[in-house]
Amino acid sequence: MSNEIGQSHTDVMSMDLTEDSMLEKEKHERLLVDLEAKKRAFSIEVPTLPQDVRQSLRNLQLPVRLFGENLANIRDRLRMELARRQIMKEGSISLETTPMEKKPVTTEKEEEVTKYTRASTELVKAREKIAKFSISRAKQRLERERMLRSGGKRKRNRLLLTSPEESQIDDNEAEVNKLDESCTKLYKSLRNIGLEGSQYGDGRALSAICTFDFGGKAFAATGSWSATVKLWNAGSPDLEQLGIAKKAHEDRVTGIATHSFNDRVLCATASIDLTGKLWKIVRAEDAMSDEDDNGMKYTVSEVASLKGHKARLCTTSFHPLGEHVATTSFDHSWRLWDVETGASLLLQDGHAREVYGIAFHPDGSLAATTDFCSVVQNWDLRTGKSIFHHQAHAKRVLCAEFSPNGFQLATAGDDGTIKIFDMRQRKIFASIPAHSRLISQLQFSHSKTEGEYLASSSFDETAKIWSTRDWKILSTLKGHEGKVMGIGIMNDGIITSGYDKTIKRWK
Numbered sequence: 011m012s013n014e015i016g017q018s019h020t021d022v023m024s025m026d027l028t029e030d031s032m033l034e035k036e037k038h039e040r041l042l043v044d045l046e047a048k049k050r051a052f053s054i055e056v057p058t059l060p061q062d063v064r065q066s067l068r069n070l071q072l073p074v075r076l077f078g079e080n081l082a083n084i085r086d087r088l089r090m091e092l093a094r095r096q097i098m099k100e101g102s103i104s105l106e107t108t109p110m111e112k113k114p115v116t117t118e119k120e121e122e123v124t125k126y127t128r129a130s131t132e133l134v135k136a137r138e139k140i141a142k143f144s145i146s147r148a149k150q151r152l153e154r155e156r157m158l159r160s161g162g163k164r165k166r167n168r169l170l171l172t173s174p175e176e177s178q179i180d181d182n183e184a185e186v187n188k189l190d191e192s193c194t195k196l197y198k199s200l201r202n203i204g205l206e207g208s209q210y211g212d213g214r215a216l217s218a219i220c221t222f223d224f225g226g227k228a229f230a231a232t233g234s235w236s237a238t239v240k241l242w243n244a245g246s247p248d249l250e251q252l253g254i255a256k257k258a259h260e261d262r263v264t265g266i267a268t269h270s271f272n273d274r275v276l277c278a279t280a281s282i283d284l285t286g287k288l289w290k291i292v293r294a295e296d297a298m299s300d301e302d303d304n305g306m307k308y309t310v311s312e313v314a315s316l317k318g319h320k321a322r323l324c325t326t327s328f329h330p331l332g333e334h335v336a337t338t339s340f341d342h343s344w345r346l347w348d349v350e351t352g353a354s355l356l357l358q359d360g361h362a363r364e365v366y367g368i369a370f371h372p373d374g375s376l377a378a379t380t381d382f383c384s385v386v387q388n389w390d391l392r393t394g395k396s397i398f399h400h401q402a403h404a405k406r407v408l409c410a411e412f413s414p415n416g417f418q419l420a421t422a423g424d425d426g427t428i429k430i431f432d433m434r435q436r437k438i439f440a441s442i443p444a445h446s447r448l449i450s451q452l453q454f455s456h457s458k459t460e461g462e463y464l465a466s467s468s469f470d471e472t473a474k475i476w477s478t479r480d481w482k483i484l485s486t487l488k489g490h491e492g493k494v495m496g497i498g499i500m501n502d503g504i505i506t507s508g509y510d511k512t513i514k515r516w517k
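Mind the numbering: the sequence shown is residues 11 to 517 in this note's numbering, read in order.
Among the hints, a few may not be true.
[To be verified] Quick list of in silico lysine-lysine cross-link-like pairs, DSS-like style, CA-CA up to 27 Å:
#	residue 1	residue 2
1	K188	K165
2	K437	K395
3	K482	K163
4	K290	K257
5	K227	K195
Just so you know, the hints here were simulated from the structure itself, not pulled from any lab data.
Hey, can you work out the whole structure from these sequences and the hints?
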């Protein structure tokens, strides 16, 4: 009897799980893998270019695109799949693992995961310089803004009095009156603006243009589809050519920007050949070079080549400090470069589509970037974080420009409208149905005129000038026989470049 009882205790019978239990167990195991994969996915590196993402999915024998997916969803799906495979390969979650056994490991993984990359020493130093520079600039701008607001408020109150002569005008109100008078004269001259000069610029379309002052003179720099960079005398209706850099790139020039120093001017170009370049513009008699300057008064010599982007470049812009330059690219990212060394300080992603336009805040604290997904991202250069973004356009956003007042951002693109974004309230302040076709460039008037007008160029063969006080049109510039590719503002006029291979001066 005792042997039978002992035998009954030692013999253990095992029963197979039912089909429903097996399904529940498999479901539970998949949930554990998915939870761990979501925590690891942030640290998984995936390609940014669409063609590379598609190829990676093909290598994993996965569908290239599922119904309703955009490019960001596809990258997230690839990242999750790579994380799952990494987990299964490590065997960190076995089939017998229970949720209670996995809790300590999960806590450790959460502490290790981060969404940010450690900044290099050079980038940290650059951020410190930008922070100091922006604080001093912001202080000056806000002091003037307070002065103008005080003068404007006093002027309104005085005009409401029955006897205005009884109230004296203080310095702030006098400054506001002076500004209003100069604005009235400026708007009057802009309403009568006309074509003053035109010059054949290149054998192919002039794709980019910018203006700058140097030594008390006005200049314009252009880039073309023939990969040529040229310098022009923008202060004369003859538009004399002053300098040239032939075959500056291996393909079309898509963007150009300049920054003036005391003894020289730096010019940055962006191209389809995946590179950006920095050029030094100096007087020919001051240049220490054996290169043939073709008898030009100024030499345009290359000082650095900016390599790092994985797809064609779009536009470029100098930071107000003058020590850094930015480029945008079809590889869904933008970069910040050191002007002295030509080294890449920052590779910033965050856009789901191609990045096209970029603009720096006049204080130097912020950067605005635009993409083909109609998104405008605003970045704090002092911390490296995206502070906010907005999506107000119906199509691609191609250009952005900050107003000299510091609290308005203008954007435009394929939908032909100009959106004015209020940076203080973080909402759209005005929407201007500006052109019937794509808007190629925006430009606010210089800080000397307090940004009193905004100029826009478009593929509808026109350029237009807008009042920034009420956002009404002041003038329409017609003269190009094709798309207007770019526009620049001078102290006494406007310069445009076109698909018709010409550069024109308006005054």
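Hints and how they fare:
1. K188 - K165: holds, 12 Å
2. K437 - K395: Holds: K437 and K395 sit about 19 Å apart, inside 27 Å.
3. K482 - K163: Satisfied, since the Cα-Cα distance of roughly 24 Å is no more than 27 Å.
4. K290 - K257: Holds, because 16 Å separates the two Cα atoms, which is no more than 27 Å.
5. K227 - K195: With a Cα-Cα distance of about 23 Å, the restraint between K227 and K195 holds, given a limit of 27 Å.
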